[in-house]
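First to last, the sequence lines map onto chains E and F. Numbers in this note's numbering are just positions in the first sequence, counted from 1, shifted up by 220. Numbers in this note's numbering are just positions in the second sequence, counted from 1, shifted up by 31.
Simulated from the structure, these hints should not be mistaken for lab results. Fair warning: this is a prediction, and the values are worked out from it, not measured in the lab. From the three backbone atoms N, C-alpha and C, an ideal C-beta is built for every residue, glycine too. Possibly wrong hints are sitting among the right ones.
[Unchecked claim] Residues from chain F that face chain E, not an exhaustive set, calculated with beta carbons under 7 Å:
hint : residue
1    : S155
2    : Q158
3    : H166
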Amino acid sequence: MSEPVSAATREAYPAGLLQLVEDGVDVVAIDADLSVSTMGYQFGEKHPNRWQTVGVAEQNMVGIAAGFAAAGKTAFIASFASFLPGRCFDQVRTSVAQPRGGLNVKLVASHGGVTVGEDGMSAQAIEDLALMTALIPFDVIVPADYEEAKQAVVAAGKTAKPAYVRTGRPKVPGLYTPEYGFEIGKASMLRAGSDVTLIACGVLVSVALKAAELLANESIGARVLNMATIKPIDREAVIAAARETGAIVTAEEHQTHGGLGTAVARVLVETTPAPIEFVGVDRYGTSGKWDQLLDYFELTPARLAQAAKDAIARKR
Amino acid sequence: MSTALTATVSVDELKDIAKRVRGHIVRMVYAAQSGHPGGSLSAVELGVSLFWNHLRCDTANPAWPARDRFLLSKGHATPFYYSVLAERGFFSTELLAGFRQLGTPLQGHPSMNAAPGIEMSGGSLGQGLSFAIGHALAGRMDSLDFRCFVLMGDGELNEGQCWEAAMAVPHFGLGDRVIAMVDRNGIQNDGFADSIMKTHPADMFRGFGWKVIECDGHDMAAVDQALSEAERPDDRPRCIVAQTVKGKGVSFMENNPGFHGKAPTAEQLQQALAEIEAGL
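Could you put together the complete structure from these sequences and hints?
Written as structure tokens, this is what we have:
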């Protein structure tokens, strides 16, 4: 078995696209003048006939992708999560989500969350999951490491429906090897435990694993679920977590409104009410190094561990 | 081969078709008691000339991959659009009676593939030219020589996305695949375009590297000729700017901002139908 690769999740984007072409998918990919950051240019170097850059014009990019998809292509578009969907939400809704039940367009938005770092609040997307989960046909995926991001791009590329994949800027620890079989809508349990469940996505998955270590030092058994797919959420995994551990913490690099926490809470109240604590980012950001910002926003193992204890204390 | 490309229809015949289309438009908006008659009536000659004499399509095989695409970017002009599609034979004119009503495929704004010939969803302005670019690039990849004809309104040109796309068409060398048409009726939702937001469509498209063909949008022969000129290869993409009259053909709707999005009364309908028949 190979070792998990530690890299930024955005670096997996071109790798996923290349895999799709190899697998015979009729892919096109478009960038909007951020391809050296989304890494889309690497795909363009290999397949110049399948890659376009449209300049700084996200709205146009979405429409072009819709036109490609309507002509039978599997169209990927990439930018920063603050602009895609932030700059072009109406185009995504009208030109992609609504036609024919959803055109075959995949948004791969890099630089999600606050770990963009130094660029500051305007570049730090903490609304994108709320926007994208509000579009009916979209799958919404936040991979936790390089391998999962690659497999998520491939999985999204093999469906005929629209999808949103959020990747990140910083290098994050590897969690999975190529043998991992990512499936849209399936959570991955990274650690067993019976006292509480930490449900996280993206960068926060590694933070949750560290929090589970802290809790273990206090003899608290924390289950860790990587809930990479926010929509459709893995209801069975959430229900099992509530039944078997009785307390839930969600953690995401996003507002606590409209993202992972909201999706998990809905499953709980519909099926298995249990105490839940939400960890997220409920204020606009500032500049700093990405790991400093995780501290600044208290997206830390200590905060998650405290949230776990708070949730446990509320068990009946 | 039944792939009935374009017909060659005389100007007189086109005028007769245009009359029927105008009749459908006012009846549909009357029956629905809502909809957009003004910007539908202004586009009639453009649409009729295009669909009968220029657009390569096959009503028996509307998904024919090599067909030319007509993309209604000014999506509120559905009374015009659906009437043209029905008269051209994409679906029965009987469907028009259900326009905007529960259960109809003919929504207030177009829903892609809801009925034959509807190539794109619309309603939120400014999105058609971008869609055309993607479609045309796909056609080039797949060695299909279809063209995309995009109909836009002059009010719609307020939307920034139009200009992102206008800049991209020449950049991608899509001049022989994407043809723009502007229905320059001079009125938008809130009033006269010159008072809401002054635009200069011809100068603006020229500034973005397009060849602009100006014509009287209600002179059928002139429209027909403008479309022929637009089809001729050139190193620039072509944009037809058709000078039109909002509400054309119905005296009380003509140049009247009040009929951008309002239905006639029963009495007004009778007057409108009589005027259309008389060819005012």
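Requested in this report: Return the numbers of the hints above that this structure violates; sort them in rising order.
Outcome: none
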